[in-house]
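K.L.:
Its first residue numbered 1, the sequence shown is counted upward by one per residue in this note's numbering.
Simulated from the structure, these hints should not be mistaken for laboratory data. There may be inaccurate statements among the hints.
Heads up, simulated BS3-like pairs for lysine-lysine below, C-alpha to C-alpha not over 25 Å straight-line [to be verified]:
#: 1; residue 1: 301; residue 2: 227
#: 2; residue 1: 226; residue 2: 180
#: 3; residue 1: 39; residue 2: 226
#: 4; residue 1: 39; residue 2: 95
#: 5; residue 1: 301; residue 2: 226
#: 6; residue 1: 39; residue 2: 299
#: 7; residue 1: 39; residue 2: 180
#: 8; residue 1: 95; residue 2: 299
For each label pair, taking beta carbons as the anchor points, the in silico distance ranges come out as [what the hints assert, rightly or not]:
#: 9; residue 1: 101; residue 2: 189; range: 18 to 26 Å
#: 10; residue 1: 100; residue 2: 34; range: 30 to 38 Å
#: 11; residue 1: 259; residue 2: 237; range: 50 to 58 Å
#: 12; residue 1: 83; residue 2: 152; range: 23 to 31 Å
#: 13; residue 1: 244; residue 2: 130; range: 42 to 50 Å
#: 14; residue 1: 96; residue 2: 244; range: 25 to 33 Å
#: 15; residue 1: 297; residue 2: 103; range: 17 to 25 Å
#: 16; residue 1: 299; residue 2: 150; range: 42 to 50 Å
#: 17; residue 1: 181; residue 2: 149; range: 17 to 25 Å
Note that beta-carbon positions come from the ideal geometry of N, C-alpha and C, so glycine has one too.
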Amino acid sequence: MENKMKYATIGAVAVMVLAAVGIMALGQGGDGIDAVVIKQKGSDTMLELCQIWAEDYAAYTDEANVEIAGGGSSTGIAALINGQVDLAQASRAIKSSEIESANANDVEPVEFRVAIDGIAIITNQDNPVQVLTVEQLRGIYNGTIINWDQVGGDDRSITLYGRQSTSGTYEFFWEHVLEKENYSVEMQMLSGNSAITAAVNGDQGGIGYVGMGYADAPGINVLDLKKDEGSTAYSPLDGDAVRAGDYDLSRYLFIYSDGTPTGAIADWLDWVLTADQGQEVAVEIGFYALSDEVIAQEKAKLG
């Protein structure tokens, strides 16, 4: 992941530049021809990835400028439903209630899988615990396990860090780990993955969950996870385990459009889905590429 910091800096500059030209409906292309502006918003887990995609795509073609914003998966999907953006990135699948709201607004969400992620469970680098079961993780986040010595660690209180409620990662974790039980009231809800890694870095009792693109932050451990005590433990750093679904918190990352994409939007998504273009970038910053079979399935949805 050596290129991650380089890409993060370039991506941030690109987004600021695109925000400046985004006041207009069209940007200026390299040949003096107006370039289409594509507006995309949503998942903070995917924010850096999408920013880097947008920067690399700008170097690939001057026919479109892609503006990227975060705010969370729910926020992005709501913006798509309300006609405020062309696309929404999401770290969870769209809900049936959101589809109903979209249809009521004459919006037809079309789902594209664009990368694979494994939610990483992180602790402070000085914490000796290396493996948790899903049941132990559930107990930690529902508040029934409150000390690290209950899971084989030191006698130290556990500090919970998680995402805000508009986050797709928050909802995925709530569904797949907590089994739709309430989070502990002690959990500190933070607005992004970087905030969680920073908090855990500075807290010896801390635990958090982040997307794989943020799992190489300094001062943290990435835990292995297993279904139960008798099962094999897998790491989110094991690409084969994540792609096969053996790692329990594996998931697809998505982009949603309104109807079948055509024109500039279709070209953008085609680039994102191409193995030696967008998929290669996803791998470079810590996510996992789609299989050739899935890429073919997703490209078949383009107009």
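K.L.:
If a hint holds in the structure, say so; if it doesn't, say that too.
P.N.:
Outcome of the hint check:
1. 301 with 227: Since the Cα atoms of residue 301 and residue 227 sit roughly 35 Å apart, the hinted pair is violated (cutoff 25 Å).
2. 226 with 180: Holds, at roughly 19 Å.
3. 39 with 226: violated, 39 Å
4. 39 with 95: Judged against 25 Å, a Cα distance of about 22 Å means the pair holds.
5. 301 with 226: Roughly 35 Å between the alpha carbons, so the hint for residue 301 and residue 226 is violated.
6. 39 with 299: holds, 20 Å
7. 39 with 180: Roughly 32 Å between the alpha carbons, so the hint for residue 39 and residue 180 is violated.
8. 95 with 299: holds, 23 Å
9. 101 with 189: 18 to 26 Å: holds, 24 Å
10. 100 with 34: 30 to 38 Å: holds, 36 Å
11. 259 with 237: 50 to 58 Å: For residue 237 against residue 259, whose Cβ atoms are near 38 Å apart, the range 50 to 58 Å is violated.
12. 83 with 152: 23 to 31 Å: Given about 52 Å between the Cβ atoms, the range is violated.
13. 244 with 130: 42 to 50 Å: Because 22 Å falls outside the window, the suggested range is violated.
14. 96 with 244: 25 to 33 Å: holds, 28 Å
15. 297 with 103: 17 to 25 Å: holds, 23 Å
16. 299 with 150: 42 to 50 Å: holds, 48 Å
17. 181 with 149: 17 to 25 Å: holds, 23 Å
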